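K.L.:
Listed here are the chains, written in short residue letters.
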Amino acid sequence: DAGVIQSPRHEVTEMGQEVTLRCKPISGHNSLFWYRQTMMRGLELLIYFNNNVPIDDSGMPEDRFSAKMPNASFSTLKIQPSEPRDSAVYFCASRLTGGNEQFFGPGTRLTVL
Amino acid sequence: DAKTTQPNSMESNEEEPVHLPCNHSTISGTDYIHWYRQLPSQGPEYVIHGLTSNVNNRMASLAIAEDRKSSTLILHRATLRDAAVYYCILRDVRTGNQFYFGTGTSLTVIP
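Note that the protein sequences, when read in sequence, are chains A and B. For the first sequence, our numbering assigns the number 1 to the initial residue and increments by one for each residue that follows. For the second sequence, our numbering assigns the number 1 to the initial residue and increments by one for each residue that follows.
Next comes chain B alone, as it looks inside the complex (with noise of 0.2 Å):
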C-alpha cells in the first residue's frame, strides 16, 4: 500500500482558508486520493476524493499536483467545527477496498 506524509498539526484562525499538505511520492496509476476527517471522540467522515483532476464538493476543494506526487486539501473558510484530524490515504482500485490511514494531520482552529 502507497504511503502519505503529513505534518502532525497545524493552525488556523477562524473564518480563514486552510491548506492541509499531503505528499505521496510513490502513488501508482491506480490509486485514488481520498481524504477523510475525524472529529473528537467520533469515527471518521468522508470529505472528498480525487483521481487526477481538482475537485470541489461542499465541504472542501482538492488540488492534485500534476505529476500526483502531492495533494491538498482546502477549507475555504475555517469553522470551529473543522476541528479534526485530517487524513489522506491512497486507495488503489485494482486490489481491493482498503484503506490504510496514517497518523493524519491534527487541526486547531483558533477563534
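For reference, chain A alone in the conformation it holds in the complex (with noise of 0.2 Å):
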C-alpha cells in the first residue's frame, strides 16, 4: 500500500491566487482528515468526513477554505484567494472507522507570497 499521497508536495504562489491540495486516502479507509500546521498554532484539525460527507468543519478558518470529497478515493482542499497568512504545512490523513490509528500523508508545504 502506497499510504495516504498528497500533492503537490510543495506549492509557492502569489497572494490572491487560488491554492488547491490534493489527497488520496488508503484504498478501504472511509474517515479523512485535514489538518493544518504552522510554528504559532502547532497542529490544528481543520475539517473532517465520513463517508465522503463532511462532518466537522469547524476548524475551517474562514469562507476562503473549502474542502470536496467527490469520492472515496479523492479530496481537495481550495483556498481562494490565498493570504500569505495561510502559508502552513497542510498534511491530510485517513482512518478505517472503528480503527484507532490515523494514517498522515507526507504533507504539502504551502508558501504565499
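Incorrect hints may appear among the rest.
[What the hints assert, rightly or not] Examples of chain B residues toward chain A, derived with CB under 8 Å: (1) Q42; (2) G43; (3) P44; (4) E45; (5) Y46; (6) H49; (7) N97; (8) Q98; (9) F99; (10) Y100; (11) F101; (12) T103.
Hint data in this document are derived by calculation from the structure and do not stem from the laboratory. Just so it is clear, the structure is predicted and the values come from calculations on it, not from any experiment. Ideal Cβ positions, reconstructed from N, Cα and C, are used throughout, including at glycine.
Hints in hand, dock the two standalone chains.
P.N.:
Below, the structure written as C-alpha cells:
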C-alpha cells in the first residue's frame, strides 16, 4: 500500500491566487481528515469526512477555505483567494472506521508570497 | 475536547529508557489516550493507545495511572531515530473521530 498520497508536496504562490491541495486516502479507509501545521498554532484539525460526507468543519478558518470529497479515493482542500498567513504545512490523514490509527500523508508545504 | 499537558522538551541518552509524561486531569470515562509522534519533515505517526490498562507494542509501552489523570509513554531504548515531537491526545469515542493535538514534547536523543 502506498499510504496516503498528497500533491503537490510543495506549492509557492502569490497572494490572491487560488490554491488546490489534493489527497488520496488509503484504499478502504472511509474517514479523511485535513490538518494545518504552523509554528505558532501547531497542528490544527480543519475538517473531517466520514463516507465522503463532511462531519465537522468547525476548524476551517474562514470562507476562503473549502474542502470536498467527491468520492472515496479523492479529496481537495481549496483556498481562494490565498493570503500570506495561509502559509503552512497541510496534512491529510485517513482512517478505517472503527480503527484507532490515523495514517498521515507527507504533507504539502504551502508558501503564499 | 479534553486537554493534555506535556513538557515542551526532554533529552535522553541513546540506548537508555525514556519516560514521556502526560497529564490529563479532566479525562472522561470515554476518552481513549493516544500517542503519536512526528519525525522531522514528516507527518505524525501512530505510536500506541489505551483506555485503562497498560499497553505494550513493538514501538513502546503506555503506562496509565489508576485514576487515569496521567499517563507515561515509555521508550525502552532510545535511538537517534526516536528524536521527534511526541503528542499525547485524548479521543472521546462518543463524539467522533477527531484528534486535537497539543504542543507535544520534543525529544532530543544524545549519542
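K.L.:
So which of those numbered hints doesn't the model satisfy?
P.N.:
Nothing - there is no hint that the structure violates, so all of them hold.
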